[in-house]
Amino acid sequence: MSEVKYMSAENYGDGMGQQIQRRISIWAYCKLNDIKYVHNPIESLQHNYSNDEEFENKADNFFNLGEGELGRGDVDESQITTKLCMNDYFDENGVDLYDKVRDEFREKYFNTEKPKLVFDENKKNVAVHVRRGDIIGKKHRFKKRGNEDEYFISAMENIRDNSDEECKFYVYTQTRTTKQGKMRRASSSVFDNFRDLDMDVELVVNGCPFSDIHHIMMSDVIVMSKSAFSYVPALFSDAHVIYNKFWNEPKSYWEIKEA
1 MSEVKYMSAE NYGDGMGQQI QRRISIWAYC KLNDIKYVHN PIESLQHNYS NDEEFENKAD
61 NFFNLGEGEL GRGDVDESQI TTKLCMNDYF DENGVDLYDK VRDEFREKYF NTEKPKLVFD
121 ENKKNVAVHV RRGDIIGKKH RFKKRGNEDE YFISAMENIR DNSDEECKFY VYTQTRTTKQ
181 GKMRRASSSV FDNFRDLDMD VELVVNGCPF SDIHHIMMSD VIVMSKSAFS YVPALFSDAH
241 VIYNKFWNEP KSYWEIKEA
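With the first letter of the sequence shown counted as 1, position 143 gets the number 143 in this note's numbering; the numbers rise by one all the way through.
Any given hint could be a false lead.
[To be verified] Quick list of the computed label-pair ranges, beta carbon to beta carbon:
{"id": "1", "residue 1": "Q79", "residue 2": "I256", "range": "37 to 43 Å"}
{"id": "2", "residue 1": "N51", "residue 2": "Q79", "range": "20 to 26 Å"}
{"id": "3", "residue 1": "D198", "residue 2": "D74", "range": "34 to 40 Å"}
{"id": "4", "residue 1": "E67", "residue 2": "D88", "range": "32 to 38 Å"}
{"id": "5", "residue 1": "S50", "residue 2": "R195", "range": "33 to 39 Å"}
{"id": "6", "residue 1": "G94", "residue 2": "E53", "range": "36 to 42 Å"}
{"id": "7", "residue 1": "E92", "residue 2": "M199", "range": "38 to 44 Å"}
FYI, nobody ran anything at the bench for these hints, they're computed from the structure.
Values in this document were obtained by computation on a predicted structure and should not be read as measured data.
Backbone N, C-alpha and C define an ideal beta-carbon position, used for all residues, glycine too.
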């Protein structure tokens, strides 16, 4: 791609984590290969359960990837190479390459207002992303994109048993999804396995997605789901990351926990 001077992301409908992850992969690729990144704001996001008319704008402002970058109106469209993502580049050359642009990303990220952290300052704060809303139900097309409760509980127990600090676990999850344009909500009883644990566990169910992502990023330990929603904050976090293999590859120093 040596002839490419400008690169931008396609607008492709999906959830916030996936759309941001695609843009981040293109942005990072441009920074690493002396290509001008052209920011294309998100036009449409799935999972806008509150029907917030500003949801897309809020997402764009929250990550702030376009700060200091060219916009679509700044460059002749014919000169811009548009990509869905550049994930393959990082899969082939190493996801650790994101570390080279980590500081620049975090500078952009913290230049816009972020939710107040509600962690316990006296404990090791562990963020556990349990993907549920869009994979509840055996026939759902995302069924293979989740992990059973036992996977997360095992990870939590291992963290507790091997930590020299008292741990508090925050389980970020969801009961809501949409099917054929209609809102569906699973019973909160699907999280009883976490409520029954003899650990300090706080369930955050159907919380603000921006707050959830920020808390995941700022935690001491991240237990990921097979989801860009936790993959994106893990890429730029200082946390110890526990990863289960899925379509996005891990950094070399992340802890791998097989399902």
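Hint check:
no. : hint                     : in the structure
1   : Q79 <-> I256: 37 to 43 Å : holds (41 Å)
2   : N51 <-> Q79: 20 to 26 Å  : violated (37 Å)
3   : D198 <-> D74: 34 to 40 Å : violated (57 Å)
4   : E67 <-> D88: 32 to 38 Å  : violated (26 Å)
5   : S50 <-> R195: 33 to 39 Å : violated (25 Å)
6   : G94 <-> E53: 36 to 42 Å  : holds (40 Å)
7   : E92 <-> M199: 38 to 44 Å : holds (39 Å)
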